[in-house]
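Undergrad: Listed below are the residues making up each chain.
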Amino acid sequence: MRNLFLLGVLFLTSLGFSQQFTISGSITDLKNGEDLFGASVIVKELTNTGAQANVYGFYSLSLPKGNYTLVYRYSGYEDVVKTVDLIENVTLNIELGVSTDVQQIEEVVISSKKENENITSAQMEVTRLDPKSIETIPILFGEQDVMKTLQLTPGIKGAGEGNAGFFVRGGGADQNLILLDESTVYNASHLLGFFSVFNSDAIKDVALYKSGIPAEYGGRASSVMDVRMRDGNNKKMGVSGGIGLISSRLTVEGPIVKDKGSFIFSGRRSYADIFLNFAPDTNLRGTTLFFYDLNMKANYKFGEKDRVFVSGYFGRDKFQLGQDFGFDWGNSTATVRWNHIFSDRLFSNTSFIFSNFDYQFSIGEGDDGFGIRSSIQDLNLKQDFTYYLNSNNTLKYGFNAIYHIFRPGVLESGANVGFNQIDLDKRYAAEFGAYVQNEQKLSNRFSMFYGLRYSGFNYLGEGTAYTYDSDGNVLTEQTYDSFETIKYYQGLEPRFSMSYITNENSSVKAGYNRIFQYIHQLSNTTTSSPTDVWVPSSNLVAPQIGDQLAIGYYQNVKNNEYQFSVETYYKWLQNQIDYKPNANLVLNGQVERELVYGKGMAYGVEFQVKKTKGKLTGWFNYTLSRALRQFDDIDEGQVFSARQDRIHDLNLVLTYKLSDAWVFSTSFVYYTGDAVTFPSAQYVYDGITTPYVGQRNGNRLPDYHRLDLGATWYLKEKKRFEHSLNFSIYNVYGRENAFSVRFTQNDAGQTVAEQTALFKMIPAITYNFKLK
Amino acid sequence: MKAANYIFLIFSFGMIFSCTKIIEVDVNDAETQLVIEANYDATNERVQVNLSMSKNVFSGGVNPVITGAAVEILDENGVATPLVDQGNGSYLLENYAPTYLSTYSMNVTVDGVMYSASSFLPEVVHLDSLSSIFTEASLFGPEGYVVYMNFLDPAGVPNYYRAVRSVNGEVLTDLGDQFIFDDSFSEGNTQTVPFFGDRYNIGDSVVVEFRSYNKNSYEYFSQLFVLAGDGGQSAAPANPVSNWSNDALGHFATWGWDSKYVVVVE
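So the sequence lines, in the order shown, correspond to chains A and B. Using my numbering, you'd call the opening residue of the first sequence number 1091 and step up by one each time. Using my numbering, you'd call the opening residue of the second sequence number 421 and step up by one each time.
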């Protein structure tokens, strides 16, 4: 670690710089004071010179002494132009207002914050969404959802209906780092995957990194989904909300002290169980089935240099069938952040983060019942610095340390059940990361970032470490005291991304990243479940390692109205995990003996066309890709398809603004059916017709396709009130997409393949309002 | 708050349903394989082996049986006793007295290829009684009587059980009626284990054959029932691990049982 910092210092001093002055400050929204992450300042007199506001709205730009015209710009907002005579360091806090004559924001469906940022930024394509811009896109049950919309973008594939997970470029569902205000969200789903935990009303921005992942992120092998909560309006109070088919939302926000601090409180609750009262099965009536989310955040500026944020999320699903069966699960996170501006060039953020995910289920009650609980908990300290060295170099460095507590399972049993009380040993681990990264502009055409992350993982006592023979019998066991190291893993993770601007409207980019993943999610069903367990790397489970190389070409035409891109990638995955036959993952203190290890390969090419301006906006993308796995213990080491090996994947999203009152939208999805394992023979044993399992994932579900339609009616706006109605139809032509295929015997004793589809056509309506 | 002044209209309607249909899918046909189903029911002193072949998934008809094979069982001392070919794929040996806590072997020779397996015969756990308790309707079933098995799980050793029940004289053999469990959550305890999904009426008679399996058989049958039951839903489906040599499918199981019966009364 020490060496790494020395390296950083050396690097700093070697760059050197001439007499320069710094312009720094914040860029915020004129109307509500929200930080405008990604807003840019451009120096008119110098080509390709400028800066961007970071996630806290801070920017810093160092220039030689002189007169400059600065243009502050953010997509959908009016430019602000300032002239400065730069003879000393200056602070310029800028507020941008929404433009009136320029196109309204809802026409920009997915946008980079600067119109041609997709061309100029050194970072490889980041998929970025803000909830406002996707509010018209039709989604199941009309419930706006950033995660569902992300799955319509190239390289990001939903795990299917009824599944919470998503797959990025052939990686596993546990290989996505999902952050909410820097806090890890271990299970991002509600209602078994039909909704994500992200309430759009509380969210400012979502960025998904799938290649060239910056060094500040670590811990998951395939991608980073960085979700930021809104800060709340620091100018005046506001109330907004919505009433939908499945859930309703209410958000209250306002200043704590005007322009100095604000709060936001946003809640959502579903009421799907109301429909169960009409269920034909009388036993289903009276069932409780709902989820809720609470997002809370407050921030306050202590003077010009310090700002403190406190944010929290609490969400839970509850499922109760009378006294017979109860199942509930949820995430809670809390983040305390302190922004400090050490100088006009050095910005610091310190975060203390808490995260918890737990589930419990119970069968029966009292003396006749039993229940199982399990949880994972993180305590995380994170320190990030950004040093704006000069207009050509921005240096980021920092560290974080996470203490993980895994509680694999507790069984509590009533007196009459005859089960023993079981409390599996907790597991402990400390995860470290330290990084340094420089974003450097080498010329007007050539820019890059290069960074290095050191990561370490200390699997700690107290606990018992076992080894097993090939049949899963215990060979050795050794006990460890509290905080004693059982196993230490570490790795160096190079990160790199570059862009070369071939002309004003096109560029070529390339990126490489290596990431170590030290904790793993185990799931041996095809559908995700809250009971999927997280386990640490241990004496037997090695960290997953993901390497990815990606190259892309980007071309904008007609003044950035059309954006074309093609990206290709190759990804190597080491130490992937699969399961022995009949693996038992629930309430198993020795789960390692159920695992087998192998590797993964994924590659593909993604084409995308976006139209970002005009009455008609949207995108079309097509991905040709493979996602493969190879395990010595599966099919004698033959390479096989991962479940998400969808060879062809196509998405079309269009939004048409007919008038100020009406916006229409549609989306179409097509992909190759998931790779699944069908029987390749059958036999009768003990009177039971038994399938003979063939090659792993050697078969395919039928291809998936679906068309959705949506319309949003912006009702007549009053001075202090605006409202709208959103109509949507999911699966317009009623395609019965396979959720599963099972083999069963018909009345004649003949084996047939029976497909289950979850949703035919689902219409929905949502009412949204806002008090201004 | 101003929001309170506004009346919210809720328009919602949904058609939520899942639907099933029979579809055409491609499967990869594997070569047919020998299936050996061998059971030594020590309590009845009866050894029975069924030999058959696997067949393609969508080919109709019954699985072909193998006759004319040589089948023998060997005790711990290597003393071999042949089974008698019944001419219908079944091979039988009766009045074969058991030695509990010993290991038996079996050899099956088909077309000159010998398939071997061995199995440990564990002690039989005593089933004390069956009892029935009235239970309200729930998601698990309508109202009615639930039958419980009462027994003491022997302490200090892992135990594996399979309960086969007969109701009003009829043996339940469907996949959904299979009930196999171990003592991993209940080691050494007095047990009252319900047939949770079943509801009985007053006057019904229920007989339970309470088998004590070894670990290997418990795993084989658990895997078999899971696989046959979920029809390929698992992300990591696998064939049950056979204890036969030469890649034959199936299992050789040795087990004894205790039995009790109850007539449901009010």
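In short, the hints are calculated from the structure, not lab data. Any given hint might turn out to be false.
[Claimed, not checked] Straight-line distance between alpha carbons at most 16 Å, and here's what the computed EDC-like set of lysine to aspartate or glutamate pairs gives:
#1 A/1172 <-> A/1124
#2 B/441 <-> A/1135
#3 B/441 <-> A/1837
#4 B/441 <-> A/1826
#5 A/1670 <-> B/556
#6 A/1350 <-> A/1561
#7 A/1294 <-> A/1135
#8 B/635 <-> A/1561
Undergrad: Starting from the hint list further up, note which numbers the structure goes against and sort them upward.
TA: Per hint list: 1, 2, 5, 6, 7 violated.
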